[in-house]
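Colleague: Starting from the given sequences, assemble the full structure and let the hints guide the process.
Chains as they are written, first to last, in the working numbering: chain A, 3 to 259; chain B, 3 to 259; chain C, 3 to 259; chain D, 3 to 259.
Hint data in this document are derived by calculation from the structure and do not stem from the laboratory. Be aware that one or more of the hints could be misleading.
One copy or two, it doesn't matter: identical chains are merged, so the pair holds either way.
[To be verified] Below, in silico cross-link-like pairs of lysine-lysine (DSS-like), each with a Cα-Cα straight-line distance of 27 Å or less:
#1 Lys120 - Lys16
#2 Lys252 - Lys34
#3 Lys34 - Lys16
#4 Lys252 - Lys221
#5 Lys252 - Lys124
#6 Lys252 - Lys91
#7 Lys221 - Lys34
#8 Lys16 - Lys252
#9 Lys34 - Lys91
#10 Lys91 - Lys124
#11 Lys120 - Lys252
#12 Lys221 - Lys16
#13 Lys124 - Lys221
It should be emphasised that the depicted structure is a prediction, and the values quoted were computed from it without experimental measurement.
The lines below spell out each chain.
Number of protein chains: 4
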Amino acid sequence: MKVRIGSGPMFEMKPIHVTIWNEFVPERTDPKIARIYPNGIHQAIATGIGPYGFRIQTATLEQPEHGLSNEVLSQTDVLIWWGHLAHEKVADEIVNRIQARVLQGMGLVVLHSGHRSKIFQKLMGTTCDLKWRTDAERERIWVVDPSHPITEGLGEYFELQHEEMYGEFFDIPAPEELVFISWFQGGEVFRSGCAYQRGLGKIFYFRPGDENYPTYYNKDVLRVIANAVRWAALPHGAEPVYGNTQPLEKITRGEFP
Amino acid sequence: MKVRIGSGPMFEMKPIHVTIWNEFVPERTDPKIARIYPNGIHQAIATGIGPYGFRIQTATLEQPEHGLSNEVLSQTDVLIWWGHLAHEKVADEIVNRIQARVLQGMGLVVLHSGHRSKIFQKLMGTTCDLKWRTDAERERIWVVDPSHPITEGLGEYFELQHEEMYGEFFDIPAPEELVFISWFQGGEVFRSGCAYQRGLGKIFYFRPGDENYPTYYNKDVLRVIANAVRWAALPHGAEPVYGNTQPLEKITRGEFP
Amino acid sequence: MKVRIGSGPMFEMKPIHVTIWNEFVPERTDPKIARIYPNGIHQAIATGIGPYGFRIQTATLEQPEHGLSNEVLSQTDVLIWWGHLAHEKVADEIVNRIQARVLQGMGLVVLHSGHRSKIFQKLMGTTCDLKWRTDAERERIWVVDPSHPITEGLGEYFELQHEEMYGEFFDIPAPEELVFISWFQGGEVFRSGCAYQRGLGKIFYFRPGDENYPTYYNKDVLRVIANAVRWAALPHGAEPVYGNTQPLEKITRGEFP
Amino acid sequence: MKVRIGSGPMFEMKPIHVTIWNEFVPERTDPKIARIYPNGIHQAIATGIGPYGFRIQTATLEQPEHGLSNEVLSQTDVLIWWGHLAHEKVADEIVNRIQARVLQGMGLVVLHSGHRSKIFQKLMGTTCDLKWRTDAERERIWVVDPSHPITEGLGEYFELQHEEMYGEFFDIPAPEELVFISWFQGGEVFRSGCAYQRGLGKIFYFRPGDENYPTYYNKDVLRVIANAVRWAALPHGAEPVYGNTQPLEKITRGEFP
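Modeller: Structure follows, in structure tokens:
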């Protein structure tokens, strides 16, 4: 679709293609969670970020290739990931495929317990371990980088009245951009919004979203996810060439045995 | 102006307001440079990035308030800065005003010899000194972060056949995002594309553009400047509140003398 | 002094020369504070980090040149800075002198309300503003980078039972190394240990230490300050040369008008 | 061993235990390389950094467990890694063991073609691919962070008259600290000194050292390796605790279904 801004030239407006991946396990095995997310966390997120104008599809663990065929991934600008109980059931081949796509420029937004997913661990190079407590406590998420586009439309902080706690030390590489820090009622803090670059791709880890709480209906949480999708879908440069290469300048050398 | 993407909701497309500031001294005092930039470097840049659809105005040193009144700055999304011979003639009051606007979210793109401008030094906190040589040598600018939106539309590198050399050590804070590194024929390297965040604002330093060479007619250079403007105009978060503040949680304390 | 490790060669052990600067105002004007720090905050810190083997001297605002003559600074490896009420009374000339020394390699450890000192603002390029509340509440300081030498000897966190609160947003450049995050009882978080490099020098900002509380007698606080001194005194490279420079390689160029 | 500095207290001086790992393949299969490194690259490095006072041992691919048993690793403060032809022959179990030790605080210095080693790829999360050319050309390595302890004792740059070229894009996470940038005669640049933190451990990648050239006899190269060992052996904090954890503050909550 082409648009013109003011008297400027025509621009191609490209819609952002988002694939929301969910293991879709707790919502089908635990009635309490099924009541919160009757159609699954992926559908709640899809509905929640729908108004932001993305082209959204979903994929789940039990689908062939976990719903992440080469074709699906090649048409995905940003992949959102939610997993918790079934990390080990994700096939290594699919994990390698996702990693390759991220390095080629696909964005990746990892949510909550996705911190221990194979794909996040693989891209971080660390255990991504942390402290946790499921005690329905209050979380207050503070913006510590208001220059970041992921903070658009938020206030200085927002609150979740009942959430699982994640506490430091969070075993990740130091975020290239630290956007949020959480305060927890029980006395902990957590780096809750962490941005990275890997290859041509952008990665954002966002903490909230335990399946026991209706977090993915919260408007600020949805705003952050939508903002993160837009940020991760920003344009990137040309695909690099690797390997043996000819010189661009004449090489003159002195004595070499 | 409102647009719709696919079947999504209507979006407000906001044009980006760019002010190009130029000291406009060498083009009026040196006939050789006047031949290259007869209407000034600012006009060459304005023409060159025009096709990207920005709302562009220019400002120069000799105008009242250097053309940077509170009104102009408050309506500027991104300020582009070129200066060389007249850094000391820029009034401190205007420099402070620009700094304040950057901290409130205005983008700033500093070009070439602007590295020693008062505003860049003030925002960096260092001397911003470097090595230099005006010898019309070849510069090859390599992309070292192809995930960055500022590299959109570029190849793996681009060349300028005749440019001034800038060499390390460049006395700046380590860039938060290092996008380009230059190779020079005379044997030096330089961190040529350096991105920073300060307050709500984004800053990009881009090396090329000595007045002795027709650099601002080069399509890759113009592309980088246009990309930098878009990046620096990305949305930001809410303006922070500072100072004395009431607690958000009840404070209970033990014995305190 | 020369030492040998095992059967290795002799090494020169160089003592670290530390200058502790204090405005020394509240301790002399407020009896309540004088009771906590009868000899001044600088003396409490000097006593507290004494066992770490530094060569320590102190300097205060009312001394000639604020005790920071060229001679003193040239013999200082690391400068510790505490100020609060009298930031504006520090002469710009001395501030410029300190900045120059930091860029030449002197370490700088800025404590608590020193966030609004002229020297810290000048080196950061931002307002360094924040939220605050003096309400004797509990602060829990979490280690978020246990790889950092400044965390040596600490546990996963340490607590101060009564401290002033500092809250985000803290208007600083994103720390190059974020070492500590504080949790406050009243609901805020704060980036409490922030490491930077400027020129050849290293800078560490450490949050705790309001004059109303006996913070500088806390063993973990003293440990952090001592660790920060050692880190800021690590060796650095050669002083750079700036300005016009001869090529290191032969420059051959094509047609240039 | 205990020492006293000046009139300060006694300190425990701990020697740094270094293990130099080499696949030790090209030196035994290619007579031309055997002439340069008759006892292997590991021995050349061991001899070269010997004067810096480390406790050095070596390990090679063909040894049981590649010479990297749990006992050896647990007593290693810093592991130096050289590999090229036999990356795939390194057992995954040993790679996992090294990763775990790095996360627990062991330093890792990866040299030259080690960029494609399993351990470096695993810790980086990327392909670590690059451009290369074996053409005996000149490399000039520029210091771009003279505040870094790894630059101690170096000039502003140093030269290697004949080296293999490595060119950008180098597919690594953006270095947390970028210390060196190489200039190559053939027209490329490369981020040659890259520092990272992972868990409690520090990692340094250093580019030079192709087996075809006598690079590991160069005094500046040896100085960098020795400096990197010291940096990677700096103290770190306490080992974190992960998993389910009790609150440190009383949690009071409102209505929760």
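Colleague: Next step is simple, just say for each hint if it's right about the structure.
Modeller: Evaluation of the provided hints:
1. Lys120 - Lys16: Neither: 31 Å inside a copy, 38 Å across copies.
2. Lys252 - Lys34: between (70 Å within a copy, 26 Å between copies)
3. Lys34 - Lys16: neither (40 Å within a copy, 44 Å between copies)
4. Lys252 - Lys221: Close across copies (26 Å), not inside one copy (59 Å); limit 27 Å.
5. Lys252 - Lys124: neither (41 Å within a copy, 37 Å between copies)
6. Lys252 - Lys91: neither (54 Å within a copy, 37 Å between copies)
7. Lys221 - Lys34: within (22 Å within a copy, 48 Å between copies)
8. Lys16 - Lys252: For Lys16 and Lys252, the Cα distance exceeds 27 Å both inside one copy (43 Å) and across copies (48 Å).
9. Lys34 - Lys91: within (23 Å within a copy, 50 Å between copies)
10. Lys91 - Lys124: both (15 Å within a copy, 21 Å between copies)
11. Lys120 - Lys252: So Lys120 and Lys252 fail the 27 Å test inside a copy (46 Å) and across (35 Å) alike.
12. Lys221 - Lys16: both (25 Å within a copy, 23 Å between copies)
13. Lys124 - Lys221: neither (31 Å within a copy, 37 Å between copies)
The structure fails hints 1, 3, 5, 6, 8, 11, 13 (numbered hints given earlier, in ascending order).
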